[in-house]
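Protein chains in written order, with the working numbering: chain R, 1 to 113; chain C, 1 to 117.
The set of hints was computed from the structure by calculation and includes no laboratory data.
Note that beta-carbon positions come from the ideal geometry of N, C-alpha and C, so glycine has one too.
Do not take every clue at face value.
[Stated by the list, open to error] Partial pick of chain R residues on the chain C-facing surface, computed with a CB cut under 7 Å: (1) F45; (2) Y48; (3) T94; (4) K100.
Below are the chains, spelled out letter by letter.
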Amino acid sequence: GQNIDQPTEMTATEGAIVQINCTYQTSGFNGLFWYQQHAGEAPTFLSYNVLDGLEEKGRFSSFLSRSKGYSYLLLKELQMKDSASYLCAVRVMTTDSWGKLQFGAGTQVVVTP
Amino acid sequence: DSGVTQTPKHLITATGQRVTLRCSPRSGDLSVYWYQQSLDQGLQFLIQYYNGEERAKGNILERFSAQQFPDLHSELNLSSLELGDSALYFCASSPRGGLLSGANVLTFGAGSRLTVL
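For reference, chain C alone in the conformation it holds in the complex (with noise of 0.2 Å):
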């Protein structure tokens, strides 16, 4: 257990639909970061919060929106859902955000696997 803790694990849906990731950080974790990976392809980089502030963001479609609460937990929104979304969605934590924070590794969550059909 990573202690990044997402929900949920599966994900089975239609296209048009509106779904709800939801990410909690590790215990004392600032930043959470939202990944997309594909069958084909490897991770991409969607979107970075830190302390409830949006800080970077990736290939993010607009139909695809996040946020961090106050509680420093994240959800992914994800509407008029198209076949291609089907990928696994991963959370990931780190300590801090910025470049100043030396390695700031990133401890990723268990995914959650959407599938659009």
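The shape of chain R in the complex, shown without the other chains (with noise of 0.2 Å):
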């Protein structure tokens, strides 16, 4: 099976840096995802790493190392929408080669003013 962590809560001020850290344990990898998930909402897509380094979009970036299982997800000068549980998604090879794509838990990120 697949072991994904991340940190349950962080707390930061309204235009701070905050990064949140996920470590997978798993066979198979094929892709890390990062999702945000506002209180009672659908996920939405952040970002997307398959190679090892750093994707950036805007005030997000996200960094993948395969070979440590590990990636974060970094946000900058952050708003108070910012508020909200981050998600970091795992994607493992199936033996039909379809995959399939496991959540962990959701770091839920608070910004005070």
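Now that you have both chains on their own, put them together as the hints suggest.
Here you go:
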């Protein structure tokens, strides 16, 4: 099976930077995704990494190290609307090569004024 | 509006009952996925369909079943409901299925909140 770990909650101030770490232990790794989920709403896609390195998208960046089973999501210039749960998800190979996406429990980010 | 439509938005029922949740994928998407999200748990993958065929199965209980119809909409049937089945059930769709499809990002619907009393 897969084991995906991320912190339960993080608090940061408006305008600051927060880094959410995600570690995973899995066989058949085939990509890592980050989703944002506001309370009671649908998750929305933020970023995708399949090769090692940093992917930057505006205020959000995501990093992957496959050898370490590690990723982080970096949120810069935090805004109040960034208060949400951030879900790390790992896609793994299946025997029929179709793959499955497994989610971590999510990190609740609280942005304070 | 993500383009993925789920009905009903809210459903309250009693233990032992059966319910059906419906999902219409985004136009052009062939894959449909079902996830369960309980209060104290993350998104749990239940099942995936691609163009009408079951492609991957997760931790789906035997009391639950799903199907995808020729028009690509999908239904998740939950029977002999228990208190522990109370959760948000999300449907997601993607353009394709399979690992050779690059990012193949999932687009989620707004969810169906099921309360079992």
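To see whether the hints hold, each was checked on the structure:
Given hint, F45 of chain R at the interface with chain C, holds; its Cβ is 5 Å from that chain's nearest Cβ, closer than 7 Å. With 7 Å as the threshold, the beta carbon of Y48 of chain R comes within range of chain C, its nearest partner Cβ sitting at about 4 Å, so the hint holds. With a cut of 7 Å, the hint placing T94 of chain R at the interface with chain C holds, because the nearest CB-to-CB distance is about 6 Å. The beta carbon of K100 of chain R is positioned within 7 Å of a beta carbon in chain C (closest approach about 5 Å), and the interface hint is therefore held.
Every hint, counting from the list given before, is met by this structure.
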